[in-house]
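Participant: The chain contents come next:
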Amino acid sequence: EAGVAQSPRYKIIEKRQSVAFWCNPISGHATLYWYQQILGQGPKLLIQFQNNGVVDDSQLPKDRFSAERLKGVDSTLKIQPAKLEDSAVYLCASSTLRGGGDTQYFGPGTRLTVL
Amino acid sequence: GESVGLHLPTLSVQEGDNSIINCAYSNSASDYFIWYKQESGKGPQFIIDIRSNMDKRQGQRVTVLLNKTVKHLSLQIAATQPGDSAVYFCAETYGGSQGNLIFGKGTKLSVKP
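For the protein sequence lines, the chains are B and D, in the order given. Using the numbering used here, you'd call the opening residue of the first sequence number 1 and step up by one each time. Using the numbering used here, you'd call the opening residue of the second sequence number 1 and step up by one each time.
What the hints contain is simulated information worked out from the structure, not anything from laboratory work. Possibly wrong hints are sitting among the right ones.
DSBU-like cross-link-like pairs, simulated, lysine-lysine; straight-line CA separation at most 35 Å [to be verified]: (1) D/LYS108 <-> D/LYS56; (2) B/LYS62 <-> D/LYS56; (3) B/LYS71 <-> D/LYS108; (4) D/LYS56 <-> B/LYS78; (5) D/LYS56 <-> B/LYS11; (6) B/LYS62 <-> B/LYS11; (7) D/LYS56 <-> B/LYS71; (8) D/LYS56 <-> D/LYS42; (9) B/LYS44 <-> B/LYS62.
Here are some chain B residues pointing at chain D (derived, C-beta under 7 Å) [what the hints assert, rightly or not]: (10) TYR10; (11) GLY28; (12) GLN41; (13) PRO43; (14) LEU46; (15) ALA88; (16) THR103; (17) PRO108; (18) GLY109.
Some chain D residues well away from chain B (every beta-carbon gap over 12 Å; in silico) [stated by the list, open to error]: (19) ASN67; (20) LYS68; (21) HIS72; (22) ASN100.
Just so we're clear, the structure is a prediction, and the values are computed from it rather than from any experiment. Each residue gets a CB set at the ideal place from its N, CA and C atoms; glycine is no exception.
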């Protein structure tokens, strides 16, 4: 079974530029998550989708971050404009989450460096 | 605020020894706990989980212990191998869903040959 795919693996941009990350979850997984992991810290949830609907985006900085999962499969996370403090690894995870919770499987992440 | 924390940022053990990684949590409402392993350049990998109605759960070479009285979680790795070298995170959820995972900062485990 293929795991969670993410691209690109690395991205370097200057502050105030825009950037987008792509995630393809495990086939059949209804729930998709985006996390931000700052160096030396644990991942922090940004947004959770159930199919193509948003379940939780309470920690998403909505003035600059946006995410979509239009067809309930792939997802894109965008930052516009980027700030220095956005330098981090952006992790995508997916789970089946059938009534009661299920294991979250993580992708390899996209390492973003903002100069 | 409520968060998951770890007692030791680094742990160094000899190959073949047992490892114990500790975690303290502060949210008494948390009802599900998970341990993840993260190798350099990779995403977190699920190791083992435990629900709040249990105090011990065993997997292959790993055991998780939950002490709700003192809000403490530990991961025991038997016969630690070089491949176990990684950063280990505990995470907690509340409300019966894995959606609201709150991660601690992590413990780096180094295995000496």
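Participant: If a hint holds in the structure, say so; if it does not, say that too.
Facilitator: Hints, verified against the model:
| no. | hint | result |
| --- | --- | --- |
| 1 | D/LYS108 <-> D/LYS56 | holds, 23 Å |
| 2 | B/LYS62 <-> D/LYS56 | violated, 40 Å |
| 3 | B/LYS71 <-> D/LYS108 | violated, 39 Å |
| 4 | D/LYS56 <-> B/LYS78 | violated, 41 Å |
| 5 | D/LYS56 <-> B/LYS11 | violated, 42 Å |
| 6 | B/LYS62 <-> B/LYS11 | holds, 21 Å |
| 7 | D/LYS56 <-> B/LYS71 | violated, 41 Å |
| 8 | D/LYS56 <-> D/LYS42 | holds, 28 Å |
| 9 | B/LYS44 <-> B/LYS62 | holds, 15 Å |
| 10 | TYR10 | violated, 10 Å |
| 11 | GLY28 | violated, 16 Å |
| 12 | GLN41 | holds, 5 Å |
| 13 | PRO43 | holds, 5 Å |
| 14 | LEU46 | violated, 12 Å |
| 15 | ALA88 | violated, 13 Å |
| 16 | THR103 | holds, 5 Å |
| 17 | PRO108 | holds, 5 Å |
| 18 | GLY109 | holds, 5 Å |
| 19 | ASN67 | holds, 21 Å |
| 20 | LYS68 | holds, 19 Å |
| 21 | HIS72 | holds, 17 Å |
| 22 | ASN100 | violated, 7 Å |
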